[in-house]
Each structure stands twice: as structure tokens, then as C-alpha cells.
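Asks: My request is simple: use the sequences and hints to build the entire structure.
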Amino acid sequence: MDLNELETLRTRITASRDKDKPCITVCGGTGCHAYGCLKVAQAFRDEVRRLGLSDKVAVRQTGCHGFCERGPIVVLQPKGIFYQRIQLADVPEVVSKTVIEGLVIERLLYAEPKTGARIVAERDVPFYKRQHRRIFGSNGHLDPTDIDDYLALDGYRALAKVLSEMAPADVIAEINSAGLRGRGGAGFPTGRKWEICRAAHGEVKYVICNADEGDPGAYMDRSLLEGNPHSVIEGMIIGAYAIGSHEGFVYVRNEYPLAVENVGIAVEAARKHGLLGKSILGSKFDFDIRIFKGAGAFVSGEETSLMSSIEGRRASPRQKPPFPAQSGLWGKPTNINNVETWANVPWIIRNGAKAYSQIGTQDSKGTKIFALVGKINNTGLVEVPMGMKLREIIFEIGGGIKGGKEFKAVQTGGPSGGCMPTELLDLPIDYASLAQAGSMMGSGGMIVMDEGTCMVDVARYFLHFTQEESCGKCVPCRVGTRQMAEILARITRGEGVESDVERLETLAKTVKAGSLCGLGQTAPNPVLTTLRYFRKEYDAHIKERRCPALVCKAFLAFDIDKRKCVGCLLCLKACPVKAVSGEIKKPHSIDQTLCIKCGACFEVCPPKVRAVTKTSGASAPERVLP
Amino acid sequence: MKITIDGRSIEAQGTKTVLEVAQDNGIYIPALCSHPRLAPYAACRLCVVSIKGKPGFQPSCNTYPAEGMEVVTDSEELRLQRVRTMELILSEHPNACLICSEKADCEDHKASIRKSAEVTGCVFCSSNRRCELQEIVVRLKVDSIPYSSVYRGFSVRRSDPFFIQDYNLCILCGRCVRICHEVRGAAAISFMFRGSQAVVGTMFDRSLMAAGCQFCGACVDVCPTGALAERVGRHEALPDAEAETVCPYCGVGCRLVVETLQGRIQAAKPAEGGVNRGQACVRGRFTLRDVVYSPSRIRRPMVKKDGKLVETSWEDALAFVAGKLKSYAGRACVVVSSQLGCEDLFVLDRFAREALGAGGAVPSLQPSILDGLGDLVKAHGLKTPHRASLADLPGSKAILVLGENVPVSHPVVWVEILEALRCGAKLLVASHKDDLLTRHASQSLKIRPGSEFYLLASLSKVLLESGSPQAGSGLKGLDGFKKSLEKLPASCLADTAGLQEEEVRRLAEALRCCGPIVLVFGQGLISMPWARENLAALWDLAVLTGARLLPLAEESDLFGAWLLARRKPSGAPSLETVLRAATTGEIKALYLAGPAPLPEKHGLEFLVVQDSFVNEACQGADAVLPAATFAEAEGHFVNLEGRVQKSEKVIEPVGEAKPDWWIASHLASRMGAEGFGYEDAGRIKEQLDKEGLLALQEEGEAGFVPVTAPSGGPERAAEYPMVLPGEYCPDYYRTLALCQASPDFKVLRNPRRLKIGPEDAAGAGLQDGAKARVESSSACAAGPGTARVKITGAS
Amino acid sequence: MANMEAVLAGVAPVRSELIHALHHAQAELGHVPPEAVARIARRLRISESEVYGVLTFYKAFSLEPKGKHVVTICSGTACHVRGAPRIVEEFQRKLGVEAGSTTPDREYTLETVNCVGACALGPIVIIDGNYHGQVKTTEVHKLVEGCRRSQAKEG
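Chains as they are written, first to last, in my numbering: chain A, 56 to 681; chain B, 48 to 842; chain C, 492 to 646.
There's no promise every hint is true.
Stated by the list, open to error - Below are the DSS-like pairs computed for lysine-lysine, each with C-alpha atoms no more than 25 angstroms apart in a straight line:
(1) K99(B) to K567(A)
(2) K652(A) to K585(C)
(3) K627(C) to K669(A)
(4) K111(A) to K134(A)
(5) K559(C) to K627(C)
(6) K627(C) to K663(A)
(7) K669(A) to K633(A)
(8) K585(C) to K608(A)
(9) K628(A) to K669(A)
(10) K652(A) to K633(C)
(11) K564(A) to K355(B)
(12) K617(A) to K633(A)
(13) K627(C) to K457(A)
(14) K628(A) to K585(C)
(15) K633(C) to K628(A)
(16) K627(C) to K460(A)
(17) K652(A) to K633(A)
(18) K627(C) to K633(A)
(19) K188(B) to K567(A)
(20) K49(B) to K375(A)
(21) K99(B) to K564(A)
(22) K628(A) to K652(A)
For the record, the hints were derived by calculation from the structure and aren't laboratory data.
Replies: This is the structure:
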């Protein structure tokens, strides 16, 4: 197929779709899979078939819409009526009342938590209203396994424009003037990266999409790949054309089977439509993509490790220089970009660099997709303009802290990032200011923590993570992270000593300055930021033997307030080690020598009664060690 | 280009790293994972330096100089970073002695308490006082480790021969893994698991033997700590002297540094320079000590008195032998091993001709590939095709290997071949086996044993048909060669060797590539009766493609023996004629200075054995004269490239052994021959140089030799249907087999196994591990030659 | 092993196919036994130690076959702050094995994984492919029993 055949196909598709034919879109991202969205979508199809409306009403299983908290999500197009938490039982009512009669079902609408007001249209829901969903927006409108949906939304128009009007240098100039920076975490200007790779000598060059996304708590790359694979593929083809590469890889994490499947279908469809393979769209440019399934190693998200992994080796990083742009995969010049970076490219080419750079700050242009997770009401994927303040993301879009608890900290940048306290809530989100605060943009994980989270335990968790995921090649990271994890574990076990903090700081400096790759160089960030902003909690653990957030088990004590206990035996049954004693209707008591502090009794004690007390530090009864 | 290090302006080229440039200029930078022979790895992070314009610390082992680069190698910040990193390394290493405050006193008062099951401190470690960690701890003044120490608690692995592995001492610098992968190509060990669980090891924790390790010792040599330690001598004190010798076994002629303590050999390490560039093989690296101090050494001269060998003095023995030999002048022969030095061979040859009137000293390894080539030169008056040296291999574009399992027989040649592969050369292999060679080959052909001729001939045919490269045009004998090719029956070319046309065409295509080609061949090529035809076909292929020849001489001085034998007017009788003459009684006296398969019943009246080790021949010998080994006498050896190398005397002779040339010259003078008054080996060498005997001048012009199809079909094929290809491996020194000398070597080279194709095994009713009986047609079935055999299940 | 052919099906004799081949072995045999390592090494013409070195680096490949039921607990950051460690401890007590290992009777494999991408449901437990969201320590007992009962039905 050549350029004009593509346009004729596009017009044929758009013509065949009449705008106001009702279409039931059901979110099909992995988050909603957990809610059972596949069964819901099937129920809608059966219901529509049962009522004989198959030709009048369409059912489309789309990618992730972003608002995972309220899954399974159903949006009725064309009006955009937003229904949330749809159960199988609601399906017949939705079809008959809303689809056919056009009536809105109040109880399924999103209710504004504070005012209780019901909101009908998707774009008015506060979660979506303040977002700027340039890249992620079309997820809700297309079935990832159907290329026609993508073509109907101007898919591959950018590629057609590049192949017909733009020389490789023009493409790079456009990306440069748009100010696009890498969305993988370090934020290296994408245009310059392409330029260096283009200038490197050598006929064979590679282009890679890094979809390893190892940061726990970050799944925006996943939802993009699952929901809109063609936007990433189109971006890669344009990038390859600009750099002069004829072979590309998509390196997908092993734990993302749905993404592997959808990208595979998309690549196959693109080949069939002449958008991949030999002489793309009739031009002289050949380019093809192979999918490489990762195998479970966080470090393989680092550029040189990723290439070692594709070469069939242990994913140990190589010292730079030489940089991948000069000598990368099999020694050939290689350009690696993150999923979201590639997905931004078609938008820039279609709408121009000027329109793109209107949004964002001075040196961080465009939008960034964050995975807003943790102790937050509206868990989900949010796409916001660079420079938006943390407070606005967490409280306006995120709907504040779950269970009305106190905000304590937000962690960005995954294991390489840091925790920012309440004082930094007004920090604008961009590369520079996050770095100043000691954290990092990272791939976009944004984990919200409340008063019930212990920062020392969070630091321990991250160091345990990096120590387990370290490749073990260089001394500072292999040994340094293990020593730091050990010290932090000791502190959370109540065995912290005065000099631990100072030793942590020297270790952090040594590991940060000595490590070979990004993993080791950023592994100390969680410790450094928690020390910087939450020093009091370390002192509480070490000096006062107390965990203010009531998390670290060693300091905890569970007891029963005799005055409140109604003797309902609930905690007695729930206790796994039979530490609770007492008869029915009589106040119970906990034998401290048996109690293993699992907290089951605290959980089952009815909120009205709240007889089980959870205390930490000096007031805890002295525990007799077995 | 110009760079400044610590303010000093230094000239540097782009090929060396900043670390190497600093070290070359006497600037100390600690480094634990870098190694001159290995690619930069940048894992230990000790060699960090600050470079103006580059953020943070840069590992100098991975940074190449650039014009005007300013490097700072010593600042307070850098020192702190290195000390911190060293503390981390030592927190996972038994560090008791390293940071002990009484360390200095301990050195003077402690007895050697090294022999302990577990190394908990340097005092118990075999690398004490030669470990790179100790040196860095002193240089960086590390005196405390503020972290909890970790002892991994691995059990010490002792199940493999030659060296033990104690991975509690390992600092994961990766040198051993990298040298096994990058330089030696075996990749027997690798990194296992990940992060703090990472460890060096083999698959499923099996033994190194099972993982295909060749025990070349390269990993033991590069290990900076005591993690890999030689089993023999690891509890002995440090050596107090060393000398550089040439390895006595195969024709590569590796230079070895032999360490001695109070005049007794402790260990041999590969020398840095020389043809082997710091590498060696299991024989040279681990067996010298077992051979030189083997219990079967002959220590004093012995003479037969009424049926029994009795020890005597040198005076009596020489008088007795000289007297007896005089009576057999003209009816005696001398056999020599070509593992002797040129001085010994020259004097023994003169002794045979001038004192005994025999045709000259007969080399024990016959036929040899060098003789084969020599015969072709004599027969056609041409110059042998260009001879290759080991240094030619890395620059070559295609390497064809025939008739030799190079990684086992000549491991250091294999190292150079691997270097060539890394620089993009293509390895082409024709062999009947599946081994390390075929694993690295870009094209490997399975041919029936002994049918190399058909491959070589059809390669030339294919090249000629498709317009041979000009290298061959206009040279003498081209038409004769073409005609002789046509005469070969076309059908038999591919099928007798079990090859398809397509495979041969693809191999020819690879040989047409631009760039130098090397043909590497060994004893296997001439082990069949049609050795001459094989060599002729090889010769022509070399001339046709302009390739160079690398003959893999089996023995350390085979080239020297061949050079010396060339000057004789009439060639010395061949070993076979000598043995036949001994049985029929044509000759009455035999002087054995080398291994010869003497039949029990022979017509000899007088047998003398001049050797370092007791062997079967000694039982029937009338006199046994103890000869010094290569380590006990100075000498010169000529390796397979024709390079003359000096081998120093390392230790005093064992017992009353004397150098071979000394024995022969004293016997000759007692028998009245003149000109044998050599005081030392130097005099002999002067005479050799004066007469230019060791120089290789090749006259005549290049050209083709006609080829003839192998005649003399397989005799008694019906009776002996199968072909047992000989396994050529110089696993011996003179008459002592290494399996006998070194128990560990016996474990490695378990000779008692027969490899047989699945169909043949089924035919003979054999399954895996069954006992088999081998009957052969040719006389010396036991010898290394390829033989026709019948294989049946042993009752 | 008949399915050994399936392990090597479509695997080109090139080193960069190693991880592809190991994925095949894991899917086909449930783990990567010595026999598979030997076959893959011979096909890709590299040493067995190299194959084993790569195999033990990545978490996706296991040396031991997994248990009949696989209990996967997400311990990503979001689930961690929502109490995943308590759930892991409770499962370890109930099944009597540490996370990352299989019960002696090869019935249950308990493993933790970093982020399955369903953070809204944290802490999340996946048993034999079905998701259980916002799990409480007290529900762990019910989940294990449910699994035993469904297995009894099948068995």
C-alpha cells in the first residue's frame, strides 16, 4: 500500500463509521482485568445480540482509560456517559435504559466524594477534567487489536507526512524544537540523542523501544502498549527514518503478557498494511520490528543491560563510554527510547512542535503520564502538563488521601527516586525541580503515603529491592546496597545504633559516586531523601525505640482495653497463634509472650468497639523475649 | 597525543587506557579487575580518577586518553572513595589479618601455619604475601572495616585436578570468567545467579571437568586472591629464584618461567613475552614438576653384570659401552627423540655417523609432516608454500584446520585462532568429531577419518573451475596439476569423504575471501598410508589460494631435528627399517636415546638406553645411561615456526644425570672419534651457527605438484571394517607418559574410553559404557597412528 | 523427552536466541532441567555454563518445577504501603514455606513479584491466575482453603 492508498483506506473507514451510532466501550486494561472486565464486555455483547441490536449498537473492548480506582469502567459513546464499577448484574439495565431509551442510571455515575453530586460526562469527572490527555486520551476510543480504529483517529498520518514531505534532518529538527525529553527517567533531549546516533558511522543501526518498566508501582508504559500499540510503532518508524535504521526491537517486560500479545497483533497488522517491512508506504525506506520478551530483571531497563539481554547474555551493564549511540547492540549504533517518548513523536509531527511546546515549563515540554497509586482515593494513570504542582495532582485529580488520613509523603522515580514531604507539595513536576529535591522523574511512578506509612520502612523496602535486583557486577552496588539494606533492616528491627545514620550517609555517598550504572548511582536516593526530610523518624526508631507510623513490628504492642471490650470472641478466633484468651461477653486479654504482632485482632475488632489498642514505643508493655 | 596526569605532561596513544598510561609512567592507581589481555570491565571501581570536564569519578581502566585531557589520580576525595570501596570488598573477604594491628610483628614470629581447612585470614591463605588485595590494603592504608563482615561459607571445592576453588576468597572481579571466555574460548566457568548471590561457577555446580575445562591454568594465573590455588605446592614457602625455559612437550615452544625454592622446582608460569604471550596449557603449566621429579627417573649409570643391571660409576659405564660399541661399528643404529635440544641432536648425530658408522641419528617420531613437505621439495625441486607463524593467525581472514584437535594438542595455537575469530576471521574445520573446534567453527564439515585428500582435491577443483584466484596463475606445474586433477575419478571426490557438493562449494567460497588464509594441519593428515598424496593436495591448495601453511609439529624440537637431518648427504634410515633390521639381526647394536617400540624378540646383541626415565626397553638393555631433562641443562629448541629459542638451566641435574650431548661426546672420544671435546653447550651452538645449520634457506621457485589418488586400498578391509583415527597428543616427555607421571593428568586425559558412532556401536552390539575389544591390522596398533580395526563387545 | 523438540522448535543456532529458547523450555517443561540446558547449549553452540549463567540471572526461569498451585503476592511499592508484607507473612505461616519456594508436597508455590500493574486493588494476591484484590490478613485463611477445596473438586 502506498501513500494515497492509505488515505483512501482512511476515508473509507471513517465514512463507514457514522458518528452517532451508539457504542459501548468497556475498559480492558490489566487493572480492570483484575475486576473481571472481560466477563462484563462479553455480557454486553450477549445482551446486544439477545436484543437483536448487533448492527445498531457496537461493543468495543478498549485499552486502559486511566481511572483504575473505579474499574470496570464503561463509557457510552457518542455522548460519553461515564459509568463506573459496572458489575455483571448492571449490564441488562445499562443496555435497556441508557443505550436504548437514553436515560442515565444515577447509581452508576461517579459521585463527587465531598458534595455527592453525580457527574454524567467522562470529561467532567474531576479525575479527568484537570488532566491533559494528549497521548493517553485515545486509549478510550480504540480497540488495540483493530488497526482500523487507529487509522480512524488519524493513525499513521504523521508517518505519511514524514515519508512524503520531510527529510530525516527535518524530523530531528522538529523533535528538537518541540523540546521532547526522554520519558524513561533521565530526561535526555530526544532530538539530540537521535542526532548523535544518526551521525555515528556504520550502515547497520538499531532502534529500540524500552518497555521493561521495572519500577514497582508504575504501569503507564504497560497501559500505553496494551491500549494503543500503533502509536508506539508509528513513533518508532518515524524515529528509525530520522536516524537511518532498518531494524527495531520492542523489549517488553516478561510480566506483561497482554502487552506482548497486543504489540504482536499490531506489528502483524502494520506489516499487512505495508507500514512495516520493505519500502514502507511505497517509499524507499525499509524498517521492521521484532518483539523481545524480557525475563524478569529490573536492571535490564538500563540501556546497556537491555542490549546485553537482547544479545542473549546476563543483563549486566557496560561502562559508558562508548555510549549506545556510537556502539550499542552487537557493537552497532543504537538508539533506545522509552514507550511514552515514542508515543509522543506522532503527536509532535501531526500537530507541530509549536503546539507541542505550548504546554510544559521552560525546559520540560509536553505532558507526562504518572501512575498515581498508594494511599490515594483515585488510583489510576494521569497525564498532566509538565510543571503542574504535586498538590494539584494528589488532591484535585487524585481526590486526596484514602480514608481521610493525613498526607505524609509522595515517592517518585521508583527505587531510584526519593520521598518528598508535605513542604514540597507545591513543587512543580519537571526534571530539574524533582532532581533538586533529591528525587527523580523516573518512569512516572507516584506513590502517595499517609501517616500510616513508616519512612524508615520505605527506605528499607527500596534498598531491599535494589539489592535484590542489583546485577552484582560492581562492588559499590553489590556490596554497598546489601550493607545499607542490612543497616536499615536492623533499625526497623529495633536494633539501630547511634552511628548507623552516619554510616548510612557514607555508604550512600560511596555507592552513588562509585557505581557503574544508573541503578547503583540512584539506589541511595530513597535513603538520602528520607534522611533529609524525615530525620525525626530515624531518631524515633534508634533513640526512642518507637515507630511513629505504627508499622515496624519490633516496636508494636497489641493490647485490649478492658473497659471497651464487649467479649465478642472475634479477635480470639482470628488470632493465628492463640494469644488471645477470655470467655464470651467477658473482656479478653492478650498474652504478650505469645503475640507475634500480626495485627489480625486489631483488624477484626469492630470499628464501633475499637477495644484492641495498637501502641508503639515506651508505652508498649515490655516484651519478654522467648 | 598529549595528556596531563597529576600535572605531569605525558605522551600517549589512543590504544592504551589511562590506567595503562599511568602505570607505564610509574603512577600508582589501584586496580583489581583490569588485566592487559582482557577487555575493560570496570567492576571493582578502585581505579577511579577525576577528569576535568567529566562529572564525578571515571574508571581509568575504561577511559582512553584524548588530546589535552587533564587527569587527577590522587586527591583526598579519590583516596576516600577508594578506601570506602576497598572496605566494601574486604567486608566480604576473610579480613582478620588484613586489618590486624599486629600484622607487622606477626610476619616475623609466626611459623608457617598455612595448612588449614578454611582460610579465615591471610596467614592461612596460599596466596599470602603474593595477593593483590594485601598490596592495595597497604598502599591505601585501610585499617578498619566499619561494616558487618560476611563469610559466605562455601565449602572448598577439591574435586577437580590441578587446582582447588575456595570461593569464600572470591571478590567477583571476573578476570577468571573473562579469560576463559575471551582468550581461551572454553567458557567452562561463568557468573551464576545475581546481585549479592552472584558467584563464579559451572552449570548445576558440576565439576570443572564436566564443564569442559581444559585446565590451562589461565584463571589461576589471573586470580588476584587465593580463590584459585594450585594443588601442588600451595602450602610451600614463596620461591626464591626463577629461570625462563622452553616447554619441552609440543612444537609451539611456549616460554615458561620456572619458579624454584632452594634449587627445587615449585611451579611453572607462562612467560609474558615469547610466542605464547602469557598463555600456556595444562602440560606446560602443571606437569613439569611431576616429570622432573618422577620416581621413574634413572639416577646413576647401570651396566648389566651376569643378567642383572647394576649401578656403576660413569667411568666404568662409559668404558664398558665404548668398548662394546667399537666392535659393532657399521652394524649399529642410534634412535633419538626430537624433544631433545639441538645441541644434543647434533652431537648424537655426529656420534652415530663418525663413531658408529651408522647413517645418522634416526628421529623416533616418523613419519613427520615436516619430512613429508621436505620430500615434496626434493621430488619436485620447488619451494614449500609460504610458512605461517603464530602471529599471522590474528590478522588472517580464513583459517582451515585439518587432521588435528588443536584445542587439546596445541592449545596456544588455539588461543591465537580464537584471537583471529574475534577480529572477524572465519574458522573452517574438517573433522570427524564434535568438540570445541566445531563449536567455534563458522563452517564445519563431517568427513570420514583419513579422507582429507578428497576434500582438498575437490576444493582445488572447485576453485579452478570457477576461475582460480590469480595467486596460482603462471606458476610452474599448473598444467601438470590440472591434468592430474582430471585423472581423479569425479564420482569419488565427494562421496568417499562423505561430503555433499554444496558443502564443498561453500567451503571453497569461504577460501576465496580477500585477505590472508592459513592452513593449519597436523599429524592426523599423514596418519594413513597415503600421507604423501594428502600433503601434495594440501600443498597445491595452499599455492592456489596463496595461503600460508602452519604445520603443527608434535614435538618441541621436531623442526630442529628436521633442519639437522636435511644436511646429511644420504638420509638416515627410517625408524621402520631400523626396527626391522633389529629383529632380523641385520644390525647387532642399538643405541636408544628416544622412545622406540622395540619388539620383545629381537636379534640385537648389544642394547644401550640413554634416557631420563626407566622404560620397558631398559629390561633388555645392556647399559642404561641417565640423561638430564630439559630443566637440568641449557639448550636450544626450534619451534614449529622455525624460531630458535634458548632454554636456560633451571636446576642441577637429578642424581648423576648428564646432558645427552655430554654422554655422546665422551663415548665418541673414547671410541677414537675427533672433535668431540665440547666443554659446554655454548661451544656446540657456536658450531651450529657457524655452519648455519639452524637457518632455514629455501631456494627454488613456487609451483604445483601433481596429485595422485590414494592407492593401496584399505588392506584387509573385510577383516577389519572400521577405521580408528589416531589421537595425536604430545602427552609425553621422551619415554615418560604424562598419565604415568602426574595422577591429576591421568584423571583429565582418561585414555580408557572409545568414542564410536551410534550405528557402528549398534552393529557391534555395544551400548554406552560397555567394554569393547579392539583388534587391529597394523603392527603398532597401540601407537598413535590411524589403523584399520575390528571392534567387538568384550566378553 | 518428546517435548524437548518443542523447546528447540524455531530456535536459530545463534547466541541471541538463548533467552527465547529458555522461555520455550520454561513454558514447555515448567522449569529448565539439565537436559534442556545441554540441548540448548549444543544448538546455540555455546557452553553449558554460559546457558546456566544466563538462566540463573533472570527470575522468569526456575530450576525446580513449580507447585500445582501458584500463589503470587504483589510486593510493589503501592501494595507494600497498603500492607502486602503482612499478607506475605500470613501466607508463609499458613503454607509453612518461605516466599520464593514450593511446599515439600509440591502442592503450593509461594512467590512475590514486583508490581502486576493493578495498584488500585492493592494488596493483591493472584492464585492460579485469578486476581483477589484488597486482601486482608484474615482473608488469607479463606483463600488457602478455597484453593484446597477447588483442587479437591478437580483431583
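Asks: Tell me if the straight-line CA distance from K627(C) to K633(A) falls inside 25 angstroms.
Replies: holds (19 angstroms)
Asks: Do the alpha carbons of K617(A) and K633(A) lie within 25 angstroms of each other, as the hint requires?
Replies: Holds, at roughly 18 angstroms.
Asks: Hey, K49(B) versus K375(A), does the alpha-carbon distance stay inside 25 angstroms?
Replies: Roughly 23 angstroms between the alpha carbons, so the hint for K49(B) and K375(A) holds.
Asks: Would you check the hint for K627(C) and K457(A), treating anything up to 25 angstroms between C-alpha atoms as holding?
Replies: Distance of about 16 angstroms is within 25 angstroms: holds.
Asks: Run the distance test for K628(A) versus K669(A): straight-line Cα separation, threshold 25 angstroms.
Replies: The given pair, whose Cα atoms are some 18 angstroms apart, holds under the 25 angstroms limit.
Asks: Straight-line Cα separation of K99(B) and K564(A) no greater than 25 angstroms?
Replies: holds (20 angstroms)
Asks: Would you check the hint for K627(C) and K460(A), treating anything up to 25 angstroms between C-alpha atoms as holding?
Replies: holds (19 angstroms)
Asks: Can you confirm whether the C-alpha distance between K559(C) and K627(C) stays at or below 25 angstroms?
Replies: Cα-Cα ~24 angstroms, so holds.
Asks: Checking one constraint from the list: CA of K99(B) to CA of K567(A), max 25 angstroms. Satisfied?
Replies: holds (19 angstroms)
Asks: Just to be careful, I want the Cα atoms of K628(A) and K585(C) compared with a cutoff of 25 angstroms; is the pair within it?
Replies: holds (15 angstroms)
Asks: Given the proposed pairing of K652(A) with K633(C), does the C-alpha separation stay at or below 25 angstroms?
Replies: Holds, because 20 angstroms separates the two Cα atoms, which is no more than 25 angstroms.
Asks: If you draw a straight line from the CA of K652(A) to the CA of K585(C), is it 25 angstroms or shorter?
Replies: Distance of about 16 angstroms is within 25 angstroms: holds.
Taken one by one, the earlier hints fail for this structure only at number 11.
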